[in-house]
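Asks: Read off the chains here:
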Amino acid sequence: MLLKLQGVSVSFDGLKALENVDITLPEGMIKSLIGPNGAGKTTLFNVISGLAKPTEGRVLFQDVDITGKPPFQVSQRGIARTFQNIRLFAHMSVMANVMVGGHNHTKAGVSGAIFRTSGMRREEKELREKALSLLEFVGLAECAAEEAGSLPYGRQRLLELARGLAASPRLLLLDEPTAGMNLTESAMLTRMIGKIRDLGITIFLVEHHMKVVMGISDQVTILDHGVKIGEGTPEEIKKDEKVIRAYLGEKRRY
Amino acid sequence: MTKNLSWRNNLIVPFLWVFLLALPPLFHSSSYIFHTLNMIAYFTIAVAGLNILMGYTGQISIGHAVFYAVGAYVSAILARKFALPFWLLIPLGGVAAALMGFCMGAACLRLKEIYLAMATIGLAGAGEGVIINWDTMTGGSMGLLGIPYFSVGSFVLDTPQKQYFLVMPLMLLMLFLARQLVTSRVGRAFMAIREDPVAAACYGIDTTAFKLLAFTVSAFYGGVAGSLFAHSTGILFPDHFGMEVSILLLMMLVIGGRGSIMGSIVGAALLTAGFELLRSVKDYQMIVYGMVLVAFILFMPQGIVGTLLAHRKHLPFCSVKDECALKGEEAKR
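Read top to bottom, the protein sequences are chains C and H.
Under my numbering, the first residue of the first sequence is numbered 4, with each subsequent residue one higher.
Under my numbering, the first residue of the second sequence is numbered 14, with each subsequent residue one higher.
Calculated from the structure, these hints are not laboratory results.
Nothing false has been slipped in among the hints.
Derived pair list, reagent style BS3-like, types lysine-lysine, alpha-carbon separation capped at 27 angstroms:
id, chain 1, residue 1, chain 2, residue 2
1, C, Lys198, C, Lys241
2, C, Lys72, H, Lys125
3, C, Lys7, C, Lys241
4, H, Lys94, H, Lys175
5, C, Lys34, C, Lys19
6, C, Lys56, H, Lys125
Take the sequences, apply the hints, and build the full model.
Replies: Now the structure itself:
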């Protein structure tokens, strides 16, 4: 198992955001996490990436306990993520944003920077090439020199994706990657996510677009009020009474 | 082609600098002009350091003159006691300040924004207090006198003109080093922390370590500037390092441009020269300064260099820009 959550609970001042959640994620899978607003999806991602500490339970990544490890250490183990409320380095160039994504795979420190050692230059060149090919992959190569914050919303999401990929993660957490995208854009992103999985990167996805979720997921987990209420293939989920009541049923009102 | 261009730029720029620096000695011989130019250089070095901390890493320091003071006093006291050569005194002043910067950074690590600002003011105030009260060591408010000038062999740098030839190249070196640092992986990490510490941490950046590094490097710059200053004036007073000096450094940073190493030189030059020009209206000097600062914050928040560069859509990692713009065009074709 690549990722294992065992009995994870999180409470904020008595409010239970997550209650005894067990989730396993085998290598090479696309798993979606769905649930109504406030179900605890982002909190779950925060627990995995080290931004929130679980009050109970454990997080295992490649059989190593990473519970409560600071985010930079979690990242170094091979977990990258995107953010629901886009967290780009707004005043840096698109290129520099992706290059920061490769921080873990470069080593140069102060002396490398000052003396421009051959190792440092090689590393920078490789990182730059990698970043450029990733920007081509997400279709942002022509805005590489622009300020990240000046990109339109949909493109900022694509840039977050490119930055995530620059970390060459084993596991990529995507927090509502299609939010704010139009249909064409989200269809394109869906295809991209499939391609990323084919590269051998395991994907854990929080998503509201049912079309995206049902189209690409190998497995779907449903959270409601911090509790896992169902899990299975997209087909199984569509039929699950509890799920329809808690989630899809509620969706119809919109 | 791009490669060719950047290569040429790399050669042209240093020559331009050398040319510019050689100009004043050709046209002027007055000590006053050279003293002012040297002051610009000290401030430029200190502001470049402050820029690394505030402009690049986004950590506020309002008491930066304290590092300037540590560098100056440590270097001066060592020189008086042990007669060390300049090439040891300058780095020692820097290292002493860097140590203090490291401790200060460690103490303030969890503080942000206004709280960090207050803590740095407090520490700077404490530093001033130490200088005034530890008079057996620092001379207190009577001043530390008889600091030896730097000397190269038997050649004593006892006039601003002579000092100019040590100070200016050193300023260029410090600016060059700062630029090397901020255009590297380390600089990217600094900026990422400034932009979004949470996202930076999620991409493997140890924000604690890099903030400490920024504090340390920044203080080192202040210390080097202080050491140069001490041995050119020969006298140190606590007044040289008070709150006004910290504010002055901040103003230089804001006016020159946060997040632009070259902005440091512009800010330092404008304010130092402005200070000299406004000597005739001494009482109103601070009023003018205050108004200028407010105007900059309102109308040119990115400072002079920042604004100029913004018009050219020029971002840090400019070499990246050139390359990518080119590749982008290829991609479009």
